[in-house]
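Participant: Residue-level listing of the chains:
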Amino acid sequence: MTHPALDIGLTHYLLVTTTLVAAGIATILTKRNAIGILIGVELVLNAAAINLVAYNHFAWSAGKGGPAIEGVMFTAFIIVLAAAEAAVALAIVLNYYNNFSSVDVDQADSLSG
Amino acid sequence: MAISCTQPWWSARSPIGFLDPSRERHYSLALIGLDPIHPLQHKAAPVPTLAQLMTADPAQQGAPLLFYACATLTCLSAWAIVFSQNIVRMSVYLLLTLMGAAGFYLMLQAEFLAAVQLIVYAGGTLILIVFGIMLTNKNPEMQLRATPMELGLGALVGVGLAALLILALVHTPTPGQGFTAVPADYQQVRAIGRSLLSENLVPFELAAVLLLVVMVGAAYMARRRAG
Amino acid sequence: MEASLLNWMIFTPTIGALLCLIVPGKQQARWVALISSIVTFLFSVELVIAYYGLSAGGVQFETAVPWIAGINAFYRTGVDGLSMPLVLLSTALSILIVLASWRIEKATKAFMALYLLLLTGMLGVFLSLDMFLFYVFFEISLLPMYFLIGIWGGPRKEYAAIKFFLFTLAGSICLLIVMLGLFFLTGKAVGASGNTWVMVSSDPGTLTLQSEAVRALFAMDDGAYWGFAQWAFWLTLIAFAIKLPMAPLHTWLPDAHVEAPTPISMILAGVLLKMGGYALMRITYPFFPDAARYFWVAVAVLAVFGILYGAMCAMAQTDWKKLVAYSSVSHMGYVTLGIAVMTRTGFDGAYYQMIGHGISSAMMFFLVGVVYERAHHRDLDRFGGLWLKWPGYGGWSLIGFFAGMGLPGLCGFIGEIMVLLGTFEAAAIGNVGATSQATVYTLGILAASAVVLTAGYILWMFQRVYMGNEKPEYGEFAALTGREYFIMGTLGIAALVFGILPILVFNLTDPTFTSIMAILGIGG
Amino acid sequence: MEPRQLIETLAVAALFAPLFSAACIILATRRVMFKSAGVLATGVMAGGFVCSVVALVTWLGLDDTSPIVTNIGWIPIPGSEAGWLYLGVLIDSLTVAILAMVTGISMLVHLYSIGYMDGDPRYNRFFGYLSLFTFSMLGIVLANSLLMLFVFWELVGLTSYLLIGFWFEKRGPQLACKKAFVMNRIGDMGFLVGFGILFAKLGGNILLPAVHGGMFDAIRAAVEAEGYSMANPPMWLTMAGIGVFFGAIGKSAQFPLHTWLPDAMEGPTPVSSIVHSATMVAAGVYLTARIYPILTPGAHLFIATIGLITLVMAACMALVMTDIKRVLAYSTLSQLGYMVLGLGAGAYSFALFHLITHAFFKCCLFQCSGSVIHAAHHQQDMRYYGGLGRKMPITMICYGICTLAIAGASLPFTSIGISGFYSKDGIIAGTVNYGVAMQSLGSWGNLFWIGPTVVAYITVFYMARSFALTFLGEPRDKHLHEHAHEVPWTMTLPQVCLAIMAVIAATLPFLKLIEVSEPAIGGEAVAWMQPTEALGDAHNPGMHATHAYLLHGLGWIIMLVLGVVMYRPGMKYAEKIAAIPGINLLYHWAHNKFFFDELYDTIAVGVCKLAATIIALIDKYLVDGMVNLAGWVTRQLADAVGLFDQRVVDGAVNGAAAMATSGGQILRSTQTGRVRAYVLFLFASATVVTLVVVTVVLVSP
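Line by line, the protein sequences are chains D, H, X and G. Heads up: the first sequence is residues 0 to 112, going by numbering that gives the first Met the number 0. Heads up: the second sequence is residues 0 to 226, going by numbering that gives the first Met the number 0. Heads up: the third sequence is residues 0 to 523, going by numbering that gives the first Met the number 0. Heads up: the fourth sequence is residues 0 to 700, going by numbering that gives the first Met the number 0.
Keep in mind that the hints are not guaranteed to be accurate.
As a list, the in silico DSSO-like pairs of lysine-lysine whose alpha-carbon atoms are at most 30 Å apart [stated by the list, open to error]:
#	chain 1	residue 1	chain 2	residue 2
1	G	K619	X	K156
2	G	K34	X	K470
3	G	K390	G	K571
4	X	K470	X	K388
5	G	K477	G	K390
6	G	K571	G	K169
7	G	K619	G	K169
8	G	K608	X	K470
9	G	K571	G	K477
10	X	K388	G	K34
11	X	K25	X	K105
12	X	K156	X	K105
13	X	K470	G	K571
14	G	K619	G	K34
15	G	K619	G	K608
16	X	K156	X	K25
17	G	K169	X	K388
18	G	K34	G	K169
Derived from the structure by calculation, the hints contain no laboratory data.
Bound-form chain D, shown alone (with noise of 0.2 Å):
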């Protein structure tokens, strides 16, 4: 039996998006820029996008004539989904920076019940 360090395996690739999607979290969290919030959003979805990979890599069994793709395609979506959201939301950004000549998103609350 080999060693668990030695033997990478799905559990390894879990526990780094983990850290990941804390990482994220905790950014979206702390930052009051709201390209900070941006970014956040980019790790969460990063760590979203290894999961699948991974998940596709060591746990989809190959049951139609070939390795799977399932996981692959989700995450050439999620691309290309995270690249036209952070277009939209540059877009947003520059147009609150543009009505409150700031990006401080606390400053954003004319929706406060």
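Dock chains H, X and G against chain D, hints included.
Facilitator: For chains H, X and G alone, kept in the frame of chain D given last:
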């Protein structure tokens, strides 16, 4: 299914109980139908040497050491984002994180994705962010500090969630041995292309439309209003 | 005829109470109360002189009317040797108490009406033969008392009234639990046709709770309900020990007495406490004689504890009325002791102690009240020389307090000495099981030592209040009225008569006690 | 009328005569009967005395001297064999003797009181009490059962309380009467215990044994039923005997309970003279004599020891007192010690004979002292007297005669003496017998006769001292001496009568009557109780040594002369002696009554009061506190439930609407509009959900 139990739920539940590796557990296995091997039961194995770490791993591309290097890079830069107060540095750390992720894709035999990651993400999205920074920040060194309360809460939630997930993970026997060896003639890019044009055609087209909408919308929203 | 006389006797005070409420003025209400209590007294006297069969052991003048069919409850009244002397005591005292409350000016009509209602409750307790009816009257006697203390009392009247009420109610609940158990369990007795509440009956065919078939259910040897019997014994004991009161459950009594107006203290000490002793003799011991024999040492120890404890507490008091109240605790300990030792002498003594204490404690409270009405305080250390001020009052006080002390020739002595003799008898007769003689002797010696303590606190009080020179403030005191001398004199003469002629009571009780002794398994 | 019936009738008449006068005096108003109270009471008492003398004479003429017994059921005891507790009368030769003595002395004290109490604001009431007191004592004398004895025993306690506390305005009498009653009650507690044991063991038969019969037969049956024999009595019988004797300790003021008697001097002097002679203190001795057949050898030893201690201790105290009444009080204690010792030692007849002789001379002594005090304007300290004999010759002569009587004076080397000589000599003879018989005690047994012999000489000395200090020498207080005068005839007449009786009592047939009543004569039945049996033929009283010959020499004359010479000039020699180291300590102790009062005050009374205070505090704060705590807790609970009802149950109705509003208000506050807050909620919720899932999954078995 062992979830059903005859005892009342409060009895025989020591809080230390789930730290005891010798205790047989069925829960997650029952949920995903796998063999109950506790990860901590591996500790009898010998401590790995550096040579072993540098030897290629059959389960993935590259040696374990490579994995650890990528993991260190990714995690450290990701947490550096959290602790950084400078938005420009944050974006640089994000770049490092994205590169680490690309490394993982490589190791996971998703070379195409690794390339896309570097081109689209690092090359596109990140640049977009840097543009945003430049456009919104007359003083790039400006810092917006969160209050200690917010910092504490954020760290608590982030770390707490991570700790919980890790806890669950450690106690979840993972399908480590379940991957299928990739045939030598396997071309992933071909498979992706096929998939995009067959099974994933609709998402593909939708993504295209989405990108169009985003382009138009972003341009519209970001326009400088007259007056 | 006799039975209807008895029922009229119970409800005459109720009628009087209604009349009190509808008459126009205070003075009329007083007269109505006086006349109705006199009529009640005359009824009871006529009952005992003209009709009561002295040699009959069982119940006489029984009425049995179906009342609540669903639970088999009857309106069942009657009188026997156990209740007759107490009824006479209550009716006789009631006249004196109406006289003693003649000067009540605050809401006189309500006071008199409540007092007469209380009288009905007390008579009902003594005369009901059905346990459910007993319970109802037990509660009826409670409520007027609550108002009488709570409205006409002293500075802390609310506290005292609520304490009295809650304590007694707690006892009632214990009783209710046992009643429920009896209701369901006695149906299984041999010869039981349905459930029964009958405590005792003149008809030998009626299955009663004191009958052999029911007792066999709760017998120690082979009864399946022995466990219930033990619990029920203690629960009923607690219920009635609160009323009695027995030592750890007594704390309502000093407060109630101190706060209650004088006539209410008199009725409380004179009659209400006797309900506890009466019920012990009527219910607790005859229903569960096996349990009583099993636990007799525990009960006797509690009783002796109460005797000494009450005496010690009395010794430490500086409030005159509180001293008398604690002396009641001590004296009623003799009642418990006499019953607990389960000898005929002890039982007789306990009963006589109740009668004697009914007279002497009522008198003591009245003697205190007479002074309190004038001095407006009861601090023993601020009195002195009352004997010089009012020689006649001093003489009656001597009789009243020395009757309480158990001086021979006065009513307190006979009960006390019979209880002590009965206690020692328990060692010799051995009908209380294999308890060692040393235990019984120890109990007897401890109980006897109370005579010293009693003498101590009574004499000390007497010295502080009556001896010495007059205080200057006595000059303002109004002279004693003829009404007050009448009350003192009647009670004092009664104390003498009952101290010299115990046979007056024992003639009435003797046959009934013989039958109760048979139930308890005691010869004689 | 048949003689035995006549005797009974007369005795009962003598019993109720004083009750009649007491009732008249107490019930009549002050106006009707104030001055006449004394005359009425004395006259009625004289009638009673005549009755009892006629009864005595009739008895002496009887052929059948078996006891006259009448039992009347009083309290029914259906559970016992006897069936009743009886009242009634028991008349035997002892009863008639004591009856005559009590009525006679009581009559003389009544007469004396007419003079002594003259001018008192409660003059009439005093005679009421005095008659009631005599009635109670006569009840004891005539009692047929332990119960009746106890009843009148307590009445004696009550009336002595009233008499000692007669001047209740003053603090001294207040405390003294209370002390007397409480001390008596302590003894009565023992009486009750003994009574209870006997009652239980004898099936309710507590009739006093006369010669035999009564309770005694029942005792033998009970003892034999338990497997004991009369020679080997069971423990309970000893306990019962000692228990009943405790009553006697209280009433006769024996050693542990003696402190009330000197204090009882606070009462008027006629009270002292009757309490100390014929009535109260005699009651204890009489009781012991009445229960004589039930006393086991163990009880005898106990009684003798108590008597011995009292006798010696009291004599020591009498030596140093300067208050004339206190000297007499301690001499009473000492003489009672003789009687109790005599009873314990088996000298039944002489002990009771001493009771009678002592009654006469002690009553006389007290009356004389009362006359002196009366004459000396209530100065009681003998140091201020001196030379009063010249002013009060009759009193001096009476006092002198009685001093000789209490000293036991006799013609040297003969057996001819004054009354006290015969009785005391007989007691000492009995104690010699007892000391010899109690071989189990070794040489300690000799104390039983050495003690009384030595104390007999001490008695002579201290009585000579009091006589010399009062009547002889030069007046030490001129003013007092000038105003002193002889008292009126109502006071001197009783003194003279009593002094005559003190001389001639031994020639009257008292001893003969008492000897007839001695239980030992009844036959073998009580032989086991005679501790002197070891001496030989104990059944025959003639074989008893009736003279100890210890008092027959010149000893008493020497002591008398010594006392007179030493104290005639006052206290000056005594003070020198008292200053000698060693003696001064003894003097100090004796003068302070061996600190018994202090001891009892601190230990018994103090502890009792402290315990009472503590228990009352416990009652107030702990017992009652628990009750109040329960009440408080219930109220708090009720408040909580009430609040619950108001806010939750009732509020559920209103709250449905209010909750919408307030819930909206609460939720509204979460709507900060700040995006990071929303994110925080999001992830916090996610964390919580994860926590729940992980916990449930991991912890489930």
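Participant: Now look at each hint and say whether the structure bears it out.
Facilitator: Going down the list of hints, with the structure as the test:
| no. | hint | verdict |
| --- | --- | --- |
| 1 | G:K619 to X:K156 | holds (17 Å) |
| 2 | G:K34 to X:K470 | holds (29 Å) |
| 3 | G:K390 to G:K571 | holds (24 Å) |
| 4 | X:K470 to X:K388 | holds (9 Å) |
| 5 | G:K477 to G:K390 | holds (12 Å) |
| 6 | G:K571 to G:K169 | violated (33 Å) |
| 7 | G:K619 to G:K169 | violated (34 Å) |
| 8 | G:K608 to X:K470 | holds (26 Å) |
| 9 | G:K571 to G:K477 | holds (18 Å) |
| 10 | X:K388 to G:K34 | holds (22 Å) |
| 11 | X:K25 to X:K105 | holds (9 Å) |
| 12 | X:K156 to X:K105 | holds (15 Å) |
| 13 | X:K470 to G:K571 | violated (46 Å) |
| 14 | G:K619 to G:K34 | violated (52 Å) |
| 15 | G:K619 to G:K608 | holds (16 Å) |
| 16 | X:K156 to X:K25 | holds (23 Å) |
| 17 | G:K169 to X:K388 | holds (15 Å) |
| 18 | G:K34 to G:K169 | holds (24 Å) |
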